[in-house]
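Build the full structure now, drawing on both the sequences and the hints.
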Amino acid sequence: MRWGEIIRRLVLIPPTLVGVAVIVFVLLRVVPGDPIAMMIPPGATAADVERLRAFYGLDQPILQQFITWFGQALRGDFGHSISVHQSVFELVLARLPATLELALLATLIAVVLGTMVALLGIQLRGRRAEWLVDGGIGALLAIPDFLWALILLLLFGVLIPWLPITGRIDPEIDAGFHSNFYLLESLLTGRFDIANALLHHMILPALALALPFSALVARILKASLAEAEDQDYAQIARARGFSRPKILLGEVFPNALIPTVALGGVQVTLLLGGTVLVERIFSYEGIGNMAIDAVINRDFPLIQGLILTFAVLFIALNLVVDLVVTLLDPRLRHG
Amino acid sequence: MADLALDRPAGRPSRFIAGLRRGGLRLWLGSTLVGVLMLVALLAPLLAPHDPLEQDLMSAQLSPAWTSGGDLAYPLGTDSLGRCVLSRLIYSARTAVAVALIAASLAAAIGIALGLIAGSFGGWVDQGISRLIDVWMAFPPVLLSIVLAAVIGAGLTSVIAAIVVVDWTRFARVVRVETMVQLKRDYAAAARVIGLSRGAILRLEVLPNLIPLMVTLLSVEMGIAILVEVILSFVGISVAGDTPTWGGMIAEGRQIVYQVPWIMALPIGCIILSVIGFNLLGDGLRTMLDPVQRR
Amino acid sequence: MTAVLTVHDLHVAIGHRGSATNVLRGASLEVGAGEVRGLVGESGAGKSMLGRAVLGLLPANAVIAAGTIQFEGRDLLAMPEPERRRLLGRRIALIPQDPMTSLNPVKRVGAQIAALLRHHLSLARREAWQRAAELLAEVAIREPQRVLQLYPHEISGGMRQRVLIAMAFACDPSLVIADEPTTALDVTVQRQVLQLVERLRQRHGAAVLFITHDLGVVAKICRTMTVLHAGRVLEEGETVDVLTKPRHPYTRALLAATPRADRPAEALRPVPPALIENLWAEVHRLDRESAVVAS
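Protein chains in written order, with my numbering: chain A, 1 to 335; chain B, 1 to 295; chain C, 1 to 295.
No wet-lab data here; the hints were simulated from the structure. The C-beta atom is built at its ideal place from N, Cα and C for all residues, glycine as well.
Computed, partial: chain C to chain A, Cβ under 7 Å:
hint, residue
1, Leu55
2, Leu57
3, Arg85
4, Leu88
5, Gly89
6, Pro96
7, Ser102
8, Leu103
9, Asn104
10, Val106
11, Tyr151
Spelled out as structure tokens, the structure:
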């Protein structure tokens, strides 16, 4: 049964995370770059530096540091950020919802856009205009998300100053949110004016993330639709008097969806990875943006926490994709 | 039909021309774009009107020459420190090409070496290298390269190291599969019978057949190298000091994007053209060489 | 009484100008109401193409260069597309060849039958599923309610073929085209399928065009038969007559080459090469004479 395999994957998650943690841990400490040296004020004495070093446990052997960190992590204490002076756990938790909302919005846009383009492409199959669709997809794919972010920023933020290009929300608005899921909360509580303001800030970064991904979805879906349309059951549907649009949507699409989700679903991790730069470009307060600062500041605890967070998200995503594929394909459910 | 290495020179010229025709628009467009880029990088000192590092604070933030307020001495205007934008663009191309060439070649070298080893030895060696590739690819590439570059410190070395570290797997995977496929072919078995050592077989038989594929991958890899370099210099951890880079220009331009948008826009245009050029070239090369390689 | 199906002088070619292959060279046949006609010929004779032409399932690069196809007096080829679609699946039905690939793998059996019923007969959802269960019972599937809920991969090949037969007769067609429905099945299942088709045909009063290369099947179920070779009709008539007193030497050779249980193996006589040469000479002459190649 397929479910057994899913359980096996769930069981493998903790060791994988530990593996990731170890690698990151070692990597950060083995290569040159001293975080303490970067944060000490000019007038500090050698004794101060030593005290700071001891406070962050950086004076101990690596193995000791790891054991300490691991023990604390198991209790939910991921240490203190060196640059921001707050608990890593709190920091990450505070900014994670912003990135999740952005990624979700981007994925939604990408899926809708990609599906529409794929359906258009399959309608034009065999005709000369199909080349246009393929070319369009290729062009979208060639430009990575951060370049799109810059282009969109220029076009719709500066040249046609239509949308804001910084932050999550206008500083003047005091919305009094309870959670950090601003968009979700404003939608659920019916404050559509605030949701509108939020979307104004989110639409450009979300679009930047969505465009290359939508091209990928379109390419895979179109190819899958074409392959499925050539199958016997689709041909026979024509002999039964169904029109091509009806066959495409009713018979072919559910089949084409399976390889599309399988191949394209995994690529959402790329979209997540893209948030690092795109958030930076739009000064959007998510974990991607924070990651860059953490790295520049050599903030080890924060870097570790963030990389672990990304790793958890990636693994969770892979699992969800596999689950969805199992749901879509009845052949996978029975042994 | 056995693909004897001896066979190939005889048929090559006509196949080459047929391949050129097959490559089509993409090949020509790609080669042109890449060619222009290489020329600009090579002839930078001759093409640039000014020294890219030379500051003239009296002429800061000038707009391009054809607009009002522009100065013909600075064809594309100047940045906040009065440095000529055109010259900086041209010299950035030089940095980009240098980084791309070195990093892509290194990534190729490591990737090809590991791929050959994995493909020809098989067994435990292959398993080990394959697992390594899998784990490696599980890391988010952008974050990984940023972490690496930040950790090693600014400079050309770290940028190149970051690119190599992130993308060697691209070569390794392909080479591994190709090696295994090639070694199963008749001519390889024949070579073994003759008594050639494994290394000789790889060098004399397998490698020449891989070259077309490698050239294609190299082209794509150079496009990727340029992008990674841009990312790193945008974030602030690329080549040290004043050395002009497209990414650096974008980062500076981002700060003053409302006042002088072209400082951000022009490097973006250059990057897009370069990356598209490398992609088209790689695509064209692939189409051109694919039917020649009998699968 | 108008024949249910009249194919007259059908010429079909596949391919583009210059390299077209003629697959049907002026084939004609007629199927009367309630008649069961076999269409036989070796592989490549064009019998599947004829069936496909009637159903509008010719490949994209096929051209109907000449001839007419009439169904119940109406010209199928000249008919507007929506009108033809109303006929297909309802008045003209297909029993496909391969039960393993002819059903949609991600939809339940019941959903597929019900969709057909709702499309042509405008039944409500519940009625459609009810009728689907009745149809499954008609093709001797036990526990029809349970099978309706299953996916194609959960039932055997023989059962899938029965579902396909049920779907063919679902809307009470006047013509059923069976495209080698027994080829993909083993011998024991073949007999059951044939009996099923015969029973359903009688109950629904449909005519059947049975396309097959198996003369044994034709002998069992078809009252009349047509022999096709290289896209043209060589002989036709009552099955009994054709099989016992074949007029064309090709038919005689075909019969002689058919393995039979009551003759020892040594009695198998291969088709004389001279006969084949003559047949193909005639075909080429036909091709040269007619302006059939797609232009």
